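Quick note, the sequences are listed as chains A and B, same order.
Just so you know, we're using this note's numbering here: the first sequence kicks off at 54 and counts up by one.
Just so you know, we're using this note's numbering here: the second sequence kicks off at 54 and counts up by one.
Think of the hints as simulated: they come from the structure by calculation, not from any bench.
Please read all numbers here as calculations on a predicted model, not as lab measurements.
Any given hint might turn out to be false.
Which copy is meant is left open, because identical chains are indistinguishable; a pair holds if it fits in one copy or across any two.
Unchecked claim - List time: in silico DSS-like cross-link candidates among lysine-lysine, alpha-carbon distance up to 25 Å:
hint, residue 1, residue 2
1, Lys-249, Lys-219
2, Lys-129, Lys-215
3, Lys-117, Lys-229
4, Lys-122, Lys-181
5, Lys-101, Lys-177
6, Lys-181, Lys-101
7, Lys-228, Lys-101
8, Lys-223, Lys-245
9, Lys-122, Lys-134
10, Lys-160, Lys-134
11, Lys-108, Lys-177
12, Lys-219, Lys-245
Number of protein chains: 2
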Amino acid sequence: MIRYPNGKAYKPLNTSSPSPKKLEASYSNRGMTLEDDLNETNEYYVSKGIAIVHKKPTPVQIVKVDYPKRSAAVIKEAYFKQASTTDYNGVYKGKHLDFEAKETRNKTSFPLRNFHEHQIEHMKQIVKQNGICFVILMFSTLQEIYLFEAQFLFPYWDAMKKDGRKSIPKADIEKKGHFMELGYHPRIDYIKTIDKLYF
Amino acid sequence: MIRYPNGKAYKPLNTSSPSPKKLEASYSNRGMTLEDDLNETNEYYVSKGIAIVHKKPTPVQIVKVDYPKRSAAVIKEAYFKQASTTDYNGVYKGKHLDFEAKETRNKTSFPLRNFHEHQIEHMKQIVKQNGICFVILMFSTLQEIYLFEAQFLFPYWDAMKKDGRKSIPKADIEKKGHFMELGYHPRIDYIKTIDKLYF
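Generate the whole structure from the sequences, applying the supplied hints.
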């Protein structure tokens, strides 16, 4: 089991990216998820003025809204929409940051099914526009977290689409990516890595 | 009445920032709103690779979700949350862009009640982090749109909080801001202004 320095248990998210059902499961999750860690990390960065990064709200298609008298509007019917961008973005020293975070329980490779075509497309656009774009990959069983720059992800994605392998070998992530220690405050200090790589 | 070059009528949004009820009203609006224009402008920029800018999803607090057999999850109870950031952000030539768009029917000044404390706070953080931060202000009755840099907005906000005036005189917006012609493709070419100011 993964534990934080304070002894709190680390509960990883599901392997694949959160579908509405998995999202729901994580709501009732009382342990810590990669998303929780990144949210706390981002709050830390914002509070210290280190970087301004936020998670985007879950996109929802609103169909029906009620307006009860003397109380707040209630959404009575809505559906989850698939995000067309990455989940996290913001600014560090003027530069645009854009990233996605994913987990796997696998130990030897990271499955590409964790990503969606439109997310990869968005990341390619960000890279072309000279933004800093990456993924945070967590091997939850191994307690290892890597920052993997988007430009290294694309060749694996493109190869998979041409009937190549459906995952990135862990050895490649170790070589091309950047291992990040799980800390306490901030929990996942990805800005430290970004600072080394780009500034 | 404001008309696009193609003759289509321009229907402005409400004066103040969209509360859930006003948002609902704009859903049934078949004309064009400032938000529609910016969405089409951003789509244009993305499709041409000029800049990658998206509107953030409306933040919603999900309370109850149903999972009917053989169909998509349905959100049965949810509430609108107030956004803690600006509505639009993205990347242009590597730099982070962050902005908010507001309309007024006033002709001589722009009411500051269009903004919220936490949005101003967020914009101050972005400016400190060297991001490009601004507001797009539309005088809908006058058919005039201005790009107004966030650093010029803050003194008016701070003065208002010290019992100063509750609006920005239009003359000040004309002097410190940048008039933008309403076009067809893109409709509101704010990148042209950003390019002149920062690159």
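These are the hints, each one checked on the structure:
1. Lys-249 / Lys-219: neither (30 Å within a copy, 45 Å between copies)
2. Lys-129 / Lys-215: neither (43 Å within a copy, 41 Å between copies)
3. Lys-117 / Lys-229: Answer is neither; intra-copy 47 Å and inter-copy 42 Å both fail.
4. Lys-122 / Lys-181: Cα proximity of Lys-122 and Lys-181: none, with 50 Å in one copy and 42 Å across.
5. Lys-101 / Lys-177: between (30 Å within a copy, 14 Å between copies)
6. Lys-181 / Lys-101: between (30 Å within a copy, 12 Å between copies)
7. Lys-228 / Lys-101: For Lys-228 and Lys-101, the Cα distance exceeds 25 Å both inside one copy (32 Å) and across copies (35 Å).
8. Lys-223 / Lys-245: Within one copy only: 22 Å inside a chain, 44 Å across chains, cut-off 25 Å.
9. Lys-122 / Lys-134: Between copies only: 18 Å across, 29 Å inside.
10. Lys-160 / Lys-134: This pair counts as neither: shortest intra-copy Cα distance 31 Å, inter-copy 39 Å.
11. Lys-108 / Lys-177: Close inside one copy (19 Å) and across copies (18 Å); limit 25 Å.
12. Lys-219 / Lys-245: Neither: 30 Å inside a chain and 42 Å across chains, both beyond 25 Å.
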